[in-house]
Amino acid sequence: MNAIKCIMLLSLLQASACSIKPWVKPYHRAKLAEEIMLYDRDPVSDGYVHHVRQAREGARGAEGAGGGGCGCN
Amino acid sequence: MPKALAAVAVDATKMNCFISIKTLNPFFAATVYRAKNLLLPILLLIFISSSSLAVILPAERADVMYHRYDGGGMVIDGPSVLIRKNFAEKYSFSANYYVDSVSSASIDVLTLGASAYSEERIETSGDFTLLHEKSLINIGYTKSDENDYRASSFRIDLSQDFFGDMSTLSIGYSQGDDDISKTGDALFADTLTTKQYRAGFSQILTRHLIANINYESIISQGYLQNPYRFILIDDPGTPGVYQIDEEVYPNTRNSDALSFKLSYHLPWSAAIKSRLGYYSDSWGIDALSLALDYSQKLRSKWIVDFRVRQYEQSAADFYSNTFSPESAKQNFVGRDKELSEFTSLSAGVGASYEWNFRRGIDKARVNIQYDYLFFDYDNFREVTTETTAAFGKGQEPLYDFDAYTLRVFFSVWY
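Chains as they are written, first to last, in the numbering used here: chain V, 25 to 97; chain Z, 293 to 706.
With the rest of the complex left out, here is chain V (with noise of 0.2 Å):
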């Protein structure tokens, strides 16, 4: 009789997970698609960025690739 209910208890939370389901539909992402949402809206300007901020603060990492030496003494 345990080994039904926890059949049936499985079963139930299988059904539960499967119904999570994209709540966002894709008509409805024009808004997140807009270019001012981005971070990394233009390359060649971010990248530069991330440059200075290698250069002259301790920290690393986490924010986009970065390359090279530094120039910075």
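Hints may be right or wrong, so weigh each one.
To be verified - Lysine to aspartate or glutamate pairs mimicking EDC-like chemistry, simulated, CA-CA at most 16 Å apart: (1) K49(V) to D457(Z); (2) K655(Z) to E59(V); (3) K593(Z) to E59(V); (4) K593(Z) to D70(V); (5) K655(Z) to E352(Z); (6) K435(Z) to E412(Z); (7) K621(Z) to D526(Z); (8) K426(Z) to D457(Z); (9) K487(Z) to D469(Z); (10) K377(Z) to D654(Z); (11) K685(Z) to D526(Z); (12) K474(Z) to D440(Z); (13) K49(V) to D469(Z); (14) K426(Z) to D453(Z); (15) K589(Z) to E59(V); (16) K45(V) to D469(Z); (17) K589(Z) to E81(V); (18) K487(Z) to D449(Z); (19) K621(Z) to E538(Z); (20) K435(Z) to D419(Z); (21) K45(V) to D457(Z); (22) K621(Z) to D609(Z); (23) K474(Z) to D526(Z); (24) K621(Z) to D537(Z); (25) K377(Z) to E352(Z); (26) K487(Z) to D470(Z); (27) K377(Z) to D355(Z).
If you are wondering where the hints come from, they were derived from the structure by calculation, not from laboratory data.
Since the structure of chain V is provided, determine the placement of chain Z on it from the hints.
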């Protein structure tokens, strides 16, 4: 038919099944008929909006930028050119040429009583991106040359969309190999290897809100100090002047960085973005940063930007403004102000204007961005011959300086 459009068409078929015309009365049937006439424009709108968020190739564009940094006795400026071209809707190539022309009389130079110097750094990079269904694979190579520092690095990044394109998972790896030399010392040569491991997750939360979390672990091994920088030794036996000695840093530096970003579209044509960053490394530096950006579209041609950012960090374990003759003999010693305890504040403003074209190129844009930066050091002092004479050893004023960055660039989409 592109796959994304085909997917939307399938969705539309399902929608037609769901709204069966046979079950509707004539009024609603006419309404549905009119709606079906609008189906193509709606599908195009959906395609444009969804594809802009899903994993897609970067836009084909060319940028030419002039950049300038001026502050703290340094002027660094130069050009940057970035060109990207896509092929067969699957492949994308880009190339970047970047120059830093440095003219420096920074506080480090003044402390040592050295002369101002000039140098140039040239960075070139190439990038290849492959789009495969909902996956994006990006590999890149960067090379940087200075007269006394050569660096090269490669990277690979993968990203994958899932959960109805509401979620994006990305992972990446980079490795850099640097060769370091010293002007005036032909015998000096050393190397540095840096490995970077990163992962990111982006999630659409609502119709107006996207969240993004990024983690990066960086492991550096090799020569990490600056061969031109020295520590100051406060020897009571030499009143009024400091002794100097070379910095000694650990040969490894392991760091962890975590950032959390939110982008929210306001009810009008504007967006507000925030970024919270946390950093910690094996040298004892902990850092926290908070940035807020506001972007506003005006009359569909203009975009204006406003931003503020605060950054603060603690000092490295082996950092000190001055060392006693005894403490100067410890394993590691450093006097780099980037390793000291400090706070920086920045505020920026920018504007861009766009032109649209019907033939040839798609659009062009001119962009200007200006940022003011202020650095305030808590345990790094403005040591010069004059300040030491005026205030005494170890009593010089704490250092601070302000600077600005300017970016002016012209972009073309084609």
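Verification of the supplied hints:
1. A distance of roughly 9 Å separates the Cα atoms of K49(V) and D457(Z); the hinted pair therefore holds under the 16 Å criterion.
2. A distance of roughly 14 Å separates the Cα atoms of K655(Z) and E59(V); the hinted pair therefore holds under the 16 Å criterion.
3. For the suggested pair K593(Z) and E59(V), the alpha carbons sit about 13 Å apart, so the restraint of at most 16 Å is met.
4. Simply put, K593(Z) and D70(V) have alpha-carbon atoms about 21 Å apart, too far for the 16 Å limit, and the pair is violated.
5. For a cut-off of 16 Å, the pair hint linking K655(Z) to E352(Z) stands: about 11 Å separates their Cα positions.
6. Proposed proximity of K435(Z) and E412(Z) is supported: the alpha carbons are some 14 Å apart, at most 16 Å.
7. With a C-alpha separation of about 13 Å, the suggested pair K621(Z) and D526(Z) falls inside the 16 Å cut-off, and the hint holds.
8. A C-alpha spacing of about 8 Å is found between K426(Z) and D457(Z), which places the hinted pair at or below 16 Å, so the restraint holds.
9. Restraint check for K487(Z) and D469(Z): the C-alpha separation of about 9 Å stays at or below 16 Å, so the hint holds.
10. Between the alpha carbons of K377(Z) and D654(Z) the distance comes to roughly 14 Å, so the proposed pair stays at or under 16 Å and holds.
11. Restraint check for K685(Z) and D526(Z): the C-alpha separation of about 7 Å stays at or below 16 Å, so the hint holds.
12. For the given pair, K474(Z) sits about 6 Å from D440(Z) by alpha-carbon distance, which is consistent with the 16 Å threshold.
13. Using a Cα cut-off of 16 Å, the hinted pair K49(V) and D469(Z) is violated, with the two alpha carbons roughly 45 Å apart.
14. For a cut-off of 16 Å, the pair hint linking K426(Z) to D453(Z) stands: about 5 Å separates their Cα positions.
15. Note on K589(Z) and E59(V): the hinted pairing holds, with a Cα-Cα distance of about 10 Å set against a maximum of 16 Å.
16. Using a Cα cut-off of 16 Å, the hinted pair K45(V) and D469(Z) is violated, with the two alpha carbons roughly 45 Å apart.
17. Proximity of K589(Z) to E81(V) is assessed by CA-CA distance (about 32 Å); at most 16 Å being required, the pair is judged violated.
18. Distance hint between K487(Z) and D449(Z) is fulfilled; the C-alpha atoms sit about 14 Å from each other, no more than 16 Å.
19. For the hint linking K621(Z) to E538(Z), the alpha-carbon distance of about 11 Å falls within 16 Å, and the restraint holds.
20. Only pairs whose Cα atoms come within 16 Å are accepted, and K435(Z) paired with D419(Z) is accepted, the gap being roughly 12 Å.
21. For the suggested pair K45(V) and D457(Z), the alpha carbons sit about 11 Å apart, so the restraint of at most 16 Å is met.
22. At roughly 15 Å between alpha-carbon atoms, K621(Z) and D609(Z) fall within 16 Å of each other, so this suggested pair holds.
23. With a C-alpha separation of about 26 Å, the suggested pairing of K474(Z) with D526(Z) is violated against the 16 Å cut-off.
24. Restraint check: the Cα-Cα separation between K621(Z) and D537(Z) comes to about 10 Å, which is no more than 16 Å; the hinted pair holds.
25. A C-alpha spacing of about 5 Å is found between K377(Z) and E352(Z), which places the hinted pair at or below 16 Å, so the restraint holds.
26. Among the hinted pairs, K487(Z) with D470(Z) is consistent with the structure: their alpha-carbon atoms are about 12 Å apart, no more than 16 Å.
27. With a CA separation close to 12 Å, the supplied pair K377(Z) and D355(Z) stays within the 16 Å bound.
Going down the numbered hints, you'll see the structure goes against 4, 13, 16, 17, 23, while the others check out.
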